[in-house]
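Asks: If you want the building blocks of each chain, they are given just below.
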Amino acid sequence: MEMLIRAFLLGGLICVIGQLIMDLTPFNITPGHILVGYVTSGAVLSALGLYQPLVDWGGAGATVPLSGFGHSLAQGAMRGVDSKGLLGAIGGGLEATAIGVAAAIVFGLIAATFFQPKA
Amino acid sequence: MAQKKIGKQTIQFSSVPVITSAAAVVGPMEGQGPLGDKYDMVCEDTLVGERTWEMAEQKMMQYSMELALEKRGLLAGDLDFYLAGDLLNQIICANFTARFLNTPFLGLYGACSTMAEGLCLAGILLEGGFAERIGVSASSHHDTAERQYRSPTELGTQRPMTAQWTVTGSGSCVVERLGEGIKLTHATVGKIKDLGVSNSNDMGSAMAPAAFDTIKTHLQDLGRKVEDYDLIITGDLGLYGHTLLKELMQKEGYSTEKLNDCGILVYDPKQDTHSGGSGCGCSAVVLTAHLLEKMQKGAYRRILFIGTGALLSPLSVYQGETIPCIAHGVVLET
Amino acid sequence: MDEELIRQNIRQREELIKQNILLAEQELTKLQQEMQKEHQKVLLWESRATGAEKEHFQGLRKEIERQQQRISLPQQIEYQSTALLLAPQTTIVKNVLMAFFVGGTICLTGQVIMNAFLQAGLSKLEAGGSTSALLIFLGAFLTGLGYYDELGKIAGAGSIVPITGFANSIVSSAMEFKREGFVYGVGARLFTVAGPVLVYGTMVSMLVGLIYYFLR
Chain A
1 MEMLIRAFLL GGLICVIGQL IMDLTPFNIT PGHILVGYVT SGAVLSALGL
51 YQPLVDWGGA GATVPLSGFG HSLAQGAMRG VDSKGLLGAI GGGLEATAIG
101 VAAAIVFGLI AATFFQPKA
Chain U
120 MAQKKIGKQT IQFSSVPVIT SAAAVVGPME GQGPLGDKYD MVCEDTLVGE
170 RTWEMAEQKM MQYSMELALE KRGLLAGDLD FYLAGDLLNQ IICANFTARF
220 LNTPFLGLYG ACSTMAEGLC LAGILLEGGF AERIGVSASS HHDTAERQYR
270 SPTELGTQRP MTAQWTVTGS GSCVVERLGE GIKLTHATVG KIKDLGVSNS
320 NDMGSAMAPA AFDTIKTHLQ DLGRKVEDYD LIITGDLGLY GHTLLKELMQ
370 KEGYSTEKLN DCGILVYDPK QDTHSGGSGC GCSAVVLTAH LLEKMQKGAY
420 RRILFIGTGA LLSPLSVYQG ETIPCIAHGV VLET
Chain Z
454 MDEELIRQNI RQREELIKQN ILLAEQELTK LQQEMQKEHQ KVLLWESRAT
504 GAEKEHFQGL RKEIERQQQR ISLPQQIEYQ STALLLAPQT TIVKNVLMAF
554 FVGGTICLTG QVIMNAFLQA GLSKLEAGGS TSALLIFLGA FLTGLGYYDE
604 LGKIAGAGSI VPITGFANSI VSSAMEFKRE GFVYGVGARL FTVAGPVLVY
654 GTMVSMLVGL IYYFLR
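Residue numbers (the numbering used here), protein chains in the order written: chain A, 1 to 119; chain U, 120 to 453; chain Z, 454 to 669.
Since the hints were made in silico from the structure, they are not lab data.
Hints are supplied without guarantee of correctness; some may be wrong.
In the EDC-like style, the derived pairs of lysine to aspartate or glutamate whose C-alpha atoms are separated by at most 20 Å in a straight line are [what the hints assert, rightly or not]: (1) K370/U - E603/Z; (2) K606/Z - E440/U; (3) K127/U - E603/Z; (4) K365/U - E531/Z; (5) K577/Z - D82/A; (6) K118/A - D313/U; (7) K118/A - E440/U; (8) K312/U - E478/Z; (9) K577/Z - E2/A; (10) K310/U - E603/Z; (11) K118/A - E452/U; (12) K606/Z - D313/U; (13) K631/Z - D387/U; (14) K310/U - E480/Z; (15) K127/U - E478/Z; (16) K389/U - E603/Z; (17) K335/U - E518/Z; (18) K118/A - D340/U; (19) K631/Z - E265/U; (20) K515/Z - D340/U; (21) K344/U - E452/U; (22) K577/Z - D23/A; (23) K312/U - E487/Z; (24) K494/Z - E457/Z; (25) K370/U - E487/Z; (26) K547/Z - E265/U; (27) K606/Z - D56/A; (28) K312/U - E531/Z; (29) K118/A - D197/U; (30) K365/U - E467/Z; (31) K127/U - E467/Z; (32) K483/Z - D340/U; (33) K483/Z - E452/U; (34) K547/Z - D56/A; (35) K310/U - E478/Z; (36) K312/U - E603/Z; (37) K606/Z - E452/U.
Just so we're clear, the structure is a prediction, and the values are computed from it rather than from any experiment.
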């Protein structure tokens, strides 16, 4: 139960950072820029070993936001190096996140087939 | 010497062409707005029975022109020329409507100033004796504009408070050399004004200087004052742009009590559009459904209708360019 | 008009521009017309010259162009600061609260799902992957039904930042461009919004991998 509360708090906080950036920076910092920032900073923090503590404390509160995706990418790359060496460095990240990307593509196609964009 | 040109940018139509008929076709959201019962046709949804929004917008433009013709007892073949424009790439909406009407066609791109631009050019063609009857149309559609200029419709982004909502609607007029209706007496052709605004979610502040420049030049050209008009109405500056225009005018000593904006009139604040309406359709439907009627009923005797356009492209902002804007004015009298 | 006169004008205007004062509309127009006249002249000379002389005129032309860009800056800055003062207020507090609440709830949902998978006996890694997939499905489903954009309007970053937002960006693009067909519409435009995340995410992960490899 405590984990649920922590996930809520951490996840909410991470989103608040994004909201503040959106509202307080000039218009040329778009959501697109912010998301790239999340992914890359998640990956960098993960590589420095600073993201895992967040995951340990807040669980899904750290893995669900896009910075968690960056964390998976970085961890995947490092695991890839451990198991496959140099080639693992190149492919490891995508390997770890492949399920997510493939799911998004497939669900996208399914939704496109069955749903219409509404006004 | 050009005898019909007055001052720097204004044209006088001494033969006084007349807007003999007009019609507006809009989407459901506009139908729920303050002017809801004035429109000739309110569509049930934004697809109007078509497969894509672009086709729907084309149907709306077509229907608005057909209704304007029918109200005047004319057919498309009775028009000497058809002037039309919209917001889409290559103005395809206007192109396909012209295909349907099968009339000699001059496509226009003035972004949201298209209606005013069309009326100005129609006036010129009629004044010069080059035509008896001209059709003018302008349209826009919220969803076609969003998917071209901004993002997919189902994307969950938050719009800033300066953003405006593109009107789904089309307005058309029949303008004739002789006849009964609201008179077109002058037109002022605008120049591009660009004061360095590059936020495509803030058209109001980009366009306000252009509107001010045209109003000022118009009044100077004709030696008139703001008080000579019952209404000076801009196309789609929206709430924010309107506030800025008032500021610019007051700074140089112009009175602003006769000033209003179609983008403010077309939606109710409860519809949560943030800064009001925009798009070619905005000024077109407010003019054809509301302003002309008010003039016919005697509420306004002389108005200055200023179509305001932001002439950016979907890519120009990404390339670091600012937004060049223009405003064209036409004087309508009873 | 000869080159010497043009250079003299350029020097005079340079002095004026350096002062960074707000010019009157009429004076600004006069200077802009003067520069247009000079620019045309120089352009013609440049087009008729060759070799070193051509480059010489090109340099002169570029000087005029730089001045053309800089001369209306004070006016632009003045207008934009006026516009900023009159700008409508962003409801920051409400936005932040909604982002916190919705973002937190989505993460909470993720935790619930994760717990369920772990209880069902999956390993930590498998549970993580499955949770992501399920959340992506939920984001896709809500996008398909047309609710995710309504949520995004209120929640802002609260719905953009979680992985459901990633799904929303891909699925909304897919749905939108279906009308241009499945190859050129859906196929080509699926990643218009989500693309940068994948591109730069992959790049950073590869850098991390390479650095880790060489540091080991």
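Asks: Under the criterion that the straight-line Cα-Cα distance not exceed 20 Å, is the pair K515/Z, D340/U satisfied?
Replies: violated (36 Å)
Asks: Hey, K483/Z versus D340/U, does the alpha-carbon distance stay inside 20 Å?
Replies: Satisfied, since the Cα-Cα distance of roughly 19 Å is no more than 20 Å.
Asks: Given the hint that K606/Z pairs with D56/A, test it: the Cα-Cα distance must not exceed 20 Å.
Replies: violated (32 Å)
Asks: Holds or violated: K127/U and E467/Z, Cα atoms, limit 20 Å.
Replies: Since the Cα atoms of K127/U and E467/Z sit roughly 29 Å apart, the hinted pair is violated (cutoff 20 Å).
Asks: Within a Cα-Cα threshold of 20 Å, do K335/U and E518/Z meet the stated pairing?
Replies: The given pair, whose Cα atoms are some 28 Å apart, is violated under the 20 Å limit.
Asks: Against the 20 Å threshold, does the CA-CA distance of K547/Z and D56/A hold or violate the hint?
Replies: With Cα atoms ~30 Å apart, K547/Z and D56/A exceed 20 Å; violated.
Asks: Taking 20 Å as the top limit, are the C-alpha atoms of K312/U and E478/Z close enough?
Replies: holds (12 Å)
Asks: Can the restraint linking K606/Z and D313/U be considered satisfied, given a maximum Cα separation of 20 Å?
Replies: Outside the cut-off at roughly 31 Å; violated.
Asks: Quickly compare the C-alpha distance for K547/Z and E265/U to 20 Å and report which way the hint goes.
Replies: Violated, at roughly 26 Å.
Asks: Taking only the CA atoms, is the gap from K312/U to E531/Z under or equal to 20 Å?
Replies: holds (15 Å)
Asks: Run the distance test for K312/U versus E603/Z: straight-line Cα separation, threshold 20 Å.
Replies: violated (36 Å)
Asks: For the pair supplied as a hint, K577/Z and E2/A, is the alpha-carbon distance within the 20 Å limit?
Replies: Roughly 19 Å separates the two Cα atoms, so the pair holds.
When each numbered hint is compared with the structure, violations occur for hints 1, 2, 3, 6, 7, 10, 11, 12, 13, 17, 18, 20, 22, 25, 26, 27, 29, 30, 31, 33, 34, 36, 37.
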